[in-house]
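Chains as they are written, first to last, in our numbering: chain A, 483 to 851; chain B, 483 to 851.
No wet-lab data here; the hints were simulated from the structure. It cannot be assumed that every hint is accurate.
[Stated by the list, open to error] The calculated lysine-lysine pairs, modelled on DSS-like cross-linking and capped at a C-alpha distance of 27 Å, are: (1) Lys670(B) <-> Lys795(A); (2) Lys509(B) <-> Lys509(A); (3) Lys526(B) <-> Lys681(B).
These are the residues of each chain, in order.
Protein chains: 2
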Amino acid sequence: MTDKILSISRRTRSTPFTRRVEAAGVKGYTVYNHMLLPTFFDSKEADYWSLCNDVQVWDVSCERQIEVFGPDSERLIQLMTPRDISRAVVGQGLYAPLCDENGGLVNDPVLIKFADYDWWISIADSDVRLWARGLAHGLGLDVTIREAAIWPLAVQGPKAEQLVTRVFGDEVPGIRFFRSKMLEFQGKAMMVMRSGYSKQGGFEIYLNDPDLAEPLWDELFDRGQDLNVRAGGPNLIERIESGLLSYGNDMTYQHNPFECGLDAFIDLDADIESMSLPALRQIRGKHENQLVGLVFDEAVNFVEFAVSADGRKVGDVRSQVWSPRYQRYLAMAMMRRDYLREHKSVKVDGKIGNIVDLPFDFDAILKEG
Amino acid sequence: MTDKILSISRRTRSTPFTRRVEAAGVKGYTVYNHMLLPTFFDSKEADYWSLCNDVQVWDVSCERQIEVFGPDSERLIQLMTPRDISRAVVGQGLYAPLCDENGGLVNDPVLIKFADYDWWISIADSDVRLWARGLAHGLGLDVTIREAAIWPLAVQGPKAEQLVTRVFGDEVPGIRFFRSKMLEFQGKAMMVMRSGYSKQGGFEIYLNDPDLAEPLWDELFDRGQDLNVRAGGPNLIERIESGLLSYGNDMTYQHNPFECGLDAFIDLDADIESMSLPALRQIRGKHENQLVGLVFDEAVNFVEFAVSADGRKVGDVRSQVWSPRYQRYLAMAMMRRDYLREHKSVKVDGKIGNIVDLPFDFDAILKEG
């Protein structure tokens with residue numbers, strides 16, 4: 483496909499940062515939760531090196547926060563996820579699959595216990611608000627569910643801590659991964675969490691006042707000049723190298739969390755009331771597919787995303803990219819487990835690719851030659 | 483904003499028609515229900531004249547069909563909409579707002595009674611599947627809810643009936659508006675309905691076999707050569723001139739159907755079990771805003787979409803376009819009713835615009851001068 487223009491309208495919502503994103507020279511967007519998400523500024527590869535070497539500011543307002551508060555809030559959140567949330571503390575984030583009564587993936591948000599009886603679901607790309615409201619209405623739960631007036635801004639990269647500390651102060655380095663503090667910017671307290679959709683380290687600032695969007699953006703760029711701060715966004719190369727999954731790409735509502743390797747986030751034996759657990763207990767070990775990595779020495783053309791063997795379709799490529807660092811073509815593919823049991827490689831486009839576990843282990847991959 | 487590239491991935495789903503759409507030279511897409519929707523091929527204006535003069539084929543696969551079947555299907559559909567669906571006949575489509583327990587708009591689909599106890603919700607851009615599943619689970623309803631393997635293809639324009647008749651046969655002209663017939667293409671029966679997102683007339687073909695997508699597309703183009711058939715998509719100019727609303731643009735979940743002028747699709751006094759009716763009965767007449775048309779003699783620059791008067795924000799522009807036919811700049815705006823009661827015009831960007839009811843009445847508008 484050649485490049486196509488994105489037709490932008492009110493439906494593809496802008497954010498309080500969009501004017502600054504445009505001024506920074508954004509070249510590509512995607513639409514995520516009905517909102518603009520910048521995908522690259524210079525080029526995906528140049529952006530990649532900037533992210534890995536320095537620090538970037540990302541407008542991830544599209545990580546909408548679905549706020550669930552009220553007496554039954556914790557009960558509803560627990561119903562929606564098979565991960566045990568009972569030991570979460572205020573200010574903590576938990577990566578957690580949301581699954582329906584069949585075990586199908588509805589979303590893979592970070593759940594944030596913002597306060598007692600006040601949870602934020604920091605969502606990937608599906609309308610979790612509608613699901614939650616349907617459940618709450620049907621079950622007669624005493625909760626309020628709304629899309630909160632919050633616009634996350636991510637600061638990512640090895641110099642992110644330095645930059646965020648300059649803007650939010652000395653409490654920043656003490657924040658542990660997936661923990662947060664309420665810190666002030668221009669007199670307004672907002673949540674700052676150590677998190678973000680890269681493995682380069684960094685923070686997400688949960689902006690709660692749109693009038694502070696441009697001042698915050700400007701201050702990060704002013705204070706970060708010597709750190710080579712740049713505008714960026716979730717980077718396709720970095721996120722695939724790091725094995726970060728993307729809902730809608732690597733997994734959909736037609737997949738279950740075992741197929742996606744999310745076993746560690748499911749508390750199958752917990753004594754919790756979660757609507758997906760009965761189904762997940764049945765499915766476990768019997769699922770047909772598994773998300774794996776494929777590694778090729780050169781770029782590969784997947785026809786209609788298919789991976790075939792002996793005239794049979796054995797898998798489906800979900801994400802793919804050339805890694806400039808490792809000089810390999812990387813793919814994430816949903817492959818049939820019966821094929822995986824007997825094969826360590828696939829042949830696509832005339833080229834042999836090794837099948838590996840996710841996340842990619844590049845030490846081992848490079849040793850293979 | 484200058485043009486931006488749309489970053490396309492598996493998450494922004496392609497359709498069985500995408501290869502043909504690309505071959506036809508699509509230049510712009512939007513993302514709608516997590517799927518690619520072509521927005522223009524030549525230019526929005528050239529596409530507009532082709533649509534109004536001849537016939538176009540649109541890949542509207544993104545109109546996903548949420549199928550609800552089983553004993554409680556009709557009960558669930560009725561709960562979701564304040565429009566009385568009890569008299570619908572098999573094969574009929576009903577434009578119907580979906581509203582939550584607060585009266586907020588969840589979507590504005592066409593509901594199709596495909597068979598007894600088998601409804602299709604032909605959705606606008608929100609995940610109605612999740613809401614329906616949440617409600618069904620919470621209420622313990624006996625229904626199955628799924629995104630059906632259906633990819634609608636629209637044929638629109640004054641020559642659409644001619645073209646669809648050539649491909650689907652002589653039963654086509656007898657199909658009334660929002661009625662359908664099961665008609666065969668290459669031996670496979672599929673639903674053909676007189677409908678579509680333009681006022682130029684036409685049909686939607688509910689393709690139910692992806693392997694027939696390209697043969698169907700090709701046949702429409704082969705048989706339509708002398709009719710000047712072109713590839714197209716929902717056209718911004720035509721739909722605004724025609725006063726067709728767009729969910730996410732002209733109305734959102736923060737609006738209620740009265741604000742959007744959808745009163746005719748709400749059966750306030752019907753003896754039906756609809757979750758929004760109690761709230762809607764309370765809201766009616768007391769809503770603060772009203773969607774209206776604004777008509778300017780020349781193009782207007784709305785700063786941050788605002789309509790202001792005497793330093794106060796009195797409205798919010800939702801859609802806007804230059805009409806090449808009427809030589810007017812047209813906008814749909816959500817305006818405060820207290821302002822509307824006392825004013826017939828607004829001043830934006832130094833230009834006076836007349837406030838008119840929707841849909842636009844161009845005879846009256848042109849008479850005004």
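Each hint, compared with the structure:
no.	hint	in the structure
1	Lys670(B) <-> Lys795(A)	holds (25 Å)
2	Lys509(B) <-> Lys509(A)	holds (16 Å)
3	Lys526(B) <-> Lys681(B)	holds (16 Å)
When each numbered hint is compared with the structure, no violation occurs for any of them.
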